[in-house]
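Enquirer: Now for the letters of each chain:
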Amino acid sequence: MFLENLAETFVELADTMVAGFDSVEFMHLLANRCVATLEVDAAGILLVDHRGELQVVGASSDRARLIELFELQHRQGPCMECYLTSAPVTVASFTEPPQRWPEFSAVAKDSGFGALHALPMRLREQTVGALNLFSVEEGVLSEPTLRVAQAMADVATIGLLQAQIISHRELLAGQLQHALQSRVLIEQAKGVLAERLQIDMSTAFETLRQYARSHNDYLSTVAEEVIAGTIDMAALTAVAEAKASTRHPRP
Amino acid sequence: MSGERLAKVLAHLAADAAMRGTATSCEAACEACVTLLGVTGAQLTLMNGTGRGESRYATNDIGAQLENLRFTLGEGPCEDSVRSGTPVLAADLDSWDNDRRWPLYVRAAVAAGARAVFVFPLRSGAIRIGALVLHRTSPGPLTQEQILDAHVVADVVMSMLLDEMAMAHLEAEVIPLDGMPLSRAEVHQATGMLSVQMGVSMDEALVRLRAHAFAHDQSVVDVARDIVGRRLRLSPESRSDPR
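First to last, the sequence lines map onto chains V and B.
Numbering-wise, the first sequence is residues 1 to 251 according to my numbering.
Numbering-wise, the second sequence is residues 252 to 494 according to my numbering.
In short, the hints are calculated from the structure, not lab data.
As the structure is a prediction and not an experimental result, all values here were calculated from the model.
Any given hint could be a false lead.
Chain B regions said to be covered by chain V (calculated; three or more residues, Cβ under 8 Å) [unchecked claim]:
1) 255-264
2) 309-317
3) 332-345
4) 368-376
5) 401-409
6) 436-446
Cβ pair distances, simulated, as ranges [as the list claims (entries may be wrong)]:
7) V:14 x B:487: 46 to 52 Å
8) V:242 x B:319: 21 to 27 Å
9) V:68 x B:467: 43 to 49 Å
10) B:419 x V:5: 51 to 57 Å
11) V:246 x B:396: 48 to 54 Å
Beta carbons are placed, not taken as given, at the ideal position from N, Cα and C, and that holds for glycine.
For reference, chain V alone in the conformation it holds in the complex:
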């Protein structure tokens, strides 16, 4: 089951790494595959920006509480520690003392999580960010799982290389801007859609993704069209309605 899952993951990722590569879609897919393959409950890919702060570029879920947990680690926390030391960081319990990041742990526990693993995203001698995994159950992931998790983090880095978000030689702040700005565009478009169609942010995001896929467009391009008002609203509404009616409640 595990190996099948893994194989499927790599096929799916390889599929996206062809011409017309959409880095935002790739990050989202990768985060989702992390959850399925590693049997964790949430995942996020964070990259360091020009200010030295960690920014989310892809996550397995849009739940506000999860995003908040990523954003809390902007400047400090397990992911920042992981990035700065280029080494994995594990928080096996959010309640057992001593807690290195007590405020963060309190929010994590409140959000229903029990443990966190952060894996460094490395490019030769440089670390560009961290893969952040949340589990509902307390405890440490097994060694084999952690090895696969590191491989997923490395795949994320390769994906960014592919999208030329980062170059072979060094991370140039200018190149990262594209990924970060795309993310902003998508968040803005989610807001526009959520208000226009009176849907939640998750459905809004899934609607954008589905529309982008079926029209063979970049997510950020669709987002721009939504914001500019040039998108086919009727078609988008139909997608949203289909999404809303098939949503399963998530923990």
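For this one, chain V is given, so just place chain B on it according to the hints.
Expert: Only chain B this time, still in chain V's reference frame:
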């Protein structure tokens, strides 16, 4: 450590302004760029309603001339940056490639004395308010550190400009409390929602969001959360009177 670069840049801006005997402002930030980033001059282009843009400030003549060229010729690194919303770094203006890329601009810019031009857009997703344009009279690239610092300056300048626009909506003098919550998902989502609720552009929506926050003594992120959580709506007639 993270946050250090921002602190360093802010400290430099403050010290530079103090040395000139002025308050911090986007104009002062342009002046501070010269020493912070090792450039000859800095200039700020702002997009106005016409979509053509105009110069807000230039630290020297060359800067002003470069902006004139952009405006008149509709060509060049600044024009490209503004159109694409991405940074454009031309370390050697007079190179074969750049000469072919911007034939009219390069000739005139070099004649004016510029040999390198670096443009950083003032942008947050769909919100694009202009660009910070740096130039040097000798060719050569910015260092990695200078590029990172320039991005931070662009963020700071954008924040200052948004504050200015927000102030215009407020009747009394209110001091903005927030640093720069430009990178929070809820702020972007709330901006999108507001643009629909109020029937305004994204730029205007963000400005109104910030004005509301200032007027009610709340953080921009808290107001954004209220909007996303549908606990708060701002209508077109909403006025952000301070209590």
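Enquirer: Indicate, hint by hint, whether the structure satisfies it.
Expert: The hints, checked one at a time:
1. Counting residues of the region 255-264 of chain B whose beta carbon lies closer than 8 Å to any beta carbon of chain V gives 3, which meets the minimum of three for the stated coverage.
2. Counting residues of the region 309-317 of chain B whose C-beta lies closer than 8 Å to any C-beta of chain V gives 0; at least three are required, and the coverage claim is violated.
3. By the rule of at least three residues with a Cβ nearer than 8 Å to a Cβ of chain V, the coverage given for the region 332-345 of chain B holds, with 4 such residues.
4. Residues of the region 368-376 of chain B lying with their CB closer than 8 Å to a CB of chain V number 3, which satisfies the three-residue condition for coverage.
5. Closer than 8 Å: that is the beta-carbon criterion, and the region 401-409 of chain B has 3 residues meeting it against chain V, so the requirement of 3 holds.
6. Counting residues of the region 436-446 of chain B whose CB falls under 8 Å from any CB of chain V gives 10; the rule of at least 3 is met.
7. Taken as a hint, the range 46 to 52 Å holds for the pair residue 14 of chain V and residue 487 of chain B, whose Cβ atoms sit roughly 49 Å apart.
8. In this structure the hint that residue 242 of chain V and residue 319 of chain B lie 21 to 27 Å apart at CB is violated, the actual value being about 53 Å.
9. The hint said 43 to 49 Å for the Cβ distance between residue 68 of chain V and residue 467 of chain B, and at roughly 22 Å that hint is violated.
10. At about 55 Å, the beta-carbon gap between residue 419 of chain B and residue 5 of chain V stays in the expected band of 51 to 57 Å.
11. Distance hint check: the CB atoms of residue 246 of chain V and residue 396 of chain B are about 49 Å apart, consistent with the given range 48 to 54 Å.
Violated hints, in rising order: 2, 8, 9; the structure is consistent with all others.
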